[in-house]
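Heads up: the sequence lines are chains C and A, in that order. Heads up: the first sequence begins at 0 in numbering that gives the first Met the number 0, then just goes up one per residue. Heads up: the second sequence begins at 0 in numbering that gives the first Met the number 0, then just goes up one per residue.
Be a bit skeptical, because a hint or two may be false.
[What the hints assert, rightly or not] Lysine to aspartate or glutamate pairs mimicking DMTMM-like chemistry, simulated, CA-CA at most 20 Å apart:
id: 1; chain 1: A; residue 1: K285; chain 2: C; residue 2: E70
id: 2; chain 1: A; residue 1: K225; chain 2: A; residue 2: D256
id: 3; chain 1: A; residue 1: K303; chain 2: C; residue 2: E114
[Claimed, not checked] If you want a taste of the chain C side facing chain A, the calculated C-beta under 8 Å gives, among others:
id: 4; residue: N79
id: 5; residue: E97
id: 6; residue: L99
id: 7; residue: R101
id: 8; residue: F213
id: 9; residue: L288
These aren't lab readings, by the way, just hints derived from the structure by calculation. Quick caveat: nothing in here was measured; it's all calculated off a predicted structure. Just so you know, even glycine gets a beta-carbon here, dropped at the ideal spot from N, CA and C.
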Amino acid sequence: MSFDNAYESLLGGEDAHWAFGTGFSEALSGVDREFPAGVDREALAVYCLMLGDDALIFSQRLSEWCSRAPELEEDIALANIALDLLGQARMLLTRAGEVLGRDEDALAYLRDEREFRNVHLAEIDCGPGPGGDFAATIARLLVFSSWRLALFSRLRGSADPVLAAIAEKGLKELAYHRDHAAQWTVRLGDGTDESHRRMQAGLERVWPFVDELFATHAVEAALAGVAVDPASLRSEVDGVLEAVLSAAGLTRPADTRAARVAGMAGRDGVHTEAMGYLLAEMQHLHRSLPGAVW
Amino acid sequence: MADDLELRFERTVQSEARIEPRDWMPDGYRKTLIRQIAQHAHSEIIGMQPEGNWISRAPSLRRKAILLAKVQDEAGHGLYLYSATETLGADREDLTTKLIEGRQKYSSIFNYPTLTFADVGVIGWLVDGAAICNQVPLCRTSYGPYARAMIRICKEESFHQRQGYELLMTMMRGTQQQRDMVQDSVNRWWWPALMMFGPPDAESTNTEQSMAWRIKRDTNDELRQKFVNMSVPQAEALGVTFPDPELKWNEERGEYDFGQPDWDEFWQVVKGGGVCNEQRIAHRRKAHEDGAWVREAAAAHAAKHARKEGAA
Numbered sequence: 000m001s002f003d004n005a006y007e008s009l010l011g012g013e014d015a016h017w018a019f020g021t022g023f024s025e026a027l028s029g030v031d032r033e034f035p036a037g038v039d040r041e042a043l044a045v046y047c048l049m050l051g052d053d054a055l056i057f058s059q060r061l062s063e064w065c066s067r068a069p070e071l072e073e074d075i076a077l078a079n080i081a082l083d084l085l086g087q088a089r090m091l092l093t094r095a096g097e098v099l100g101r102d103e104d105a106l107a108y109l110r111d112e113r114e115f116r117n118v119h120l121a122e123i124d125c126g127p128g129p130g131g132d133f134a135a136t137i138a139r140l141l142v143f144s145s146w147r148l149a150l151f152s153r154l155r156g157s158a159d160p161v162l163a164a165i166a167e168k169g170l171k172e173l174a175y176h177r178d179h180a181a182q183w184t185v186r187l188g189d190g191t192d193e194s195h196r197r198m199q200a201g202l203e204r205v206w207p208f209v210d211e212l213f214a215t216h217a218v219e220a221a222l223a224g225v226a227v228d229p230a231s232l233r234s235e236v237d238g239v240l241e242a243v244l245s246a247a248g249l250t251r252p253a254d255t256r257a258a259r260v261a262g263m264a265g266r267d268g269v270h271t272e273a274m275g276y277l278l279a280e281m282q283h284l285h286r287s288l289p290g291a292v293w
Numbered sequence: 000m001a002d003d004l005e006l007r008f009e010r011t012v013q014s015e016a017r018i019e020p021r022d023w024m025p026d027g028y029r030k031t032l033i034r035q036i037a038q039h040a041h042s043e044i045i046g047m048q049p050e051g052n053w054i055s056r057a058p059s060l061r062r063k064a065i066l067l068a069k070v071q072d073e074a075g076h077g078l079y080l081y082s083a084t085e086t087l088g089a090d091r092e093d094l095t096t097k098l099i100e101g102r103q104k105y106s107s108i109f110n111y112p113t114l115t116f117a118d119v120g121v122i123g124w125l126v127d128g129a130a131i132c133n134q135v136p137l138c139r140t141s142y143g144p145y146a147r148a149m150i151r152i153c154k155e156e157s158f159h160q161r162q163g164y165e166l167l168m169t170m171m172r173g174t175q176q177q178r179d180m181v182q183d184s185v186n187r188w189w190w191p192a193l194m195m196f197g198p199p200d201a202e203s204t205n206t207e208q209s210m211a212w213r214i215k216r217d218t219n220d221e222l223r224q225k226f227v228n229m230s231v232p233q234a235e236a237l238g239v240t241f242p243d244p245e246l247k248w249n250e251e252r253g254e255y256d257f258g259q260p261d262w263d264e265f266w267q268v269v270k271g272g273g274v275c276n277e278q279r280i281a282h283r284r285k286a287h288e289d290g291a292w293v294r295e296a297a298a299a300h301a302a303k304h305a306r307k308e309g310a311a
């Protein structure tokens, strides 16, 4: 690239570079997008929304740290994780949209709260807002990424080739997310009295939302061979969390209440009060200019 | 002896070779560089805020990803530049303290608010564009680590600029409301973008010595003219106008004539009187202070670990 004309790259030519990557390229090019025979497509679409919404909503939460992290390196790391999850969300919403006849943006911006299928753990405020701090953020990341990594590692065997490919691509990302969270959990658990106290409080903040992750939903039960039954992940994930908490000198919290409303939770589109505000912020511009192109 | 060193330094600079961290350099050169690079690093870090303001509300998932990646790049630029200052003996923590205490400056442009999503595109096009005009010559600046950091930064900034321009192109092809939004944004950012080149040469205090040391390569007014010449055809291609009645092609000079920004406003913003000055610093200070316990914990953990390894 020539530096004599700063505008040279503006009008085409070299596709230039991002410092830390964005994964915009057609990640799934070459993957067979046909629906496997005998699969309930409506159920598959809902399942893709479940996994896609988990990633989208958690990404939205993580990106709140942008320009607010404890150090620059961490600002970059959290943005990186948010970008990975946003990439996963886009692929999953696109797959759901192939059944539903809507694109990723229609699904992200034009669904109402009751139509979102993410688990509560993804949506609660764990900081930088008043609902938490960096420790609570790390606690959530540890639980979420340990769970999702276990889930994606089984999803690689899904009968849906697109889900299998998304899982394959996501594994490396999630392994990094879990590693990042585990390292911070140990650092904070071991560091100072204050960081130990905060890290324990962070675990207490997120633990009531853990059981929901392993509850089998009717849609998952109906998609044998395509979806992963989350109940089957419990012992693996518990083992990982136990190992990290023990290395960090932290105690596994007792509160696993998994609160429900008339038996329903995130997978049924029944959310916490935090969700409405999150969506209001995320969706308002898209909704206030109908017909606009971005 | 000192004279020899000084002579060698002068020769190196005059011959367009690079000064490296272990080379002798005059104190004034070192101080000027630390000030300039730190100010640049601070600008990248503070510059995360006006654009970061729109990440949560970005109107499509693709734009959200692009914006998040861009703001992440800015944090990366801040890191390279703070690292360059460290090769001169500065310390990141100390520079951050100077920033949040208002003892070191950052680019005044970031004291303007981002009010619509079009501002994300216009910042990419005009603000990053002006920054590139300022920074491209710095790829040949005399201090090696700074020049090398600038090469990488300029490449990435060019991509950001292209993304910004592409957003505006897309918006101009959209609804009338979107076109109005773009024009309004251009009206608000044009003059502040021109101010990014600094005061007119006649009033610029740092230019002369910095030019001699090859820290700076072109004067403020030369760069400003270059930027205007580049931007006018871009605006025409986009279908927007700049809010300057004096802007017109000068056949004789082969360049555009243009009006002067409101320099009183410029100085007011530089001195702290812009819309967002307090907000930007307060935001940075809060992030730094809220993160203190995390940095302390990381240091304490590393120290314990080092002791254990030493004992083993």
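(message) For a quick check of understanding: which of the numbered hints are violated here, in increasing order?
(response) 3, 5, 6, 7 and 8
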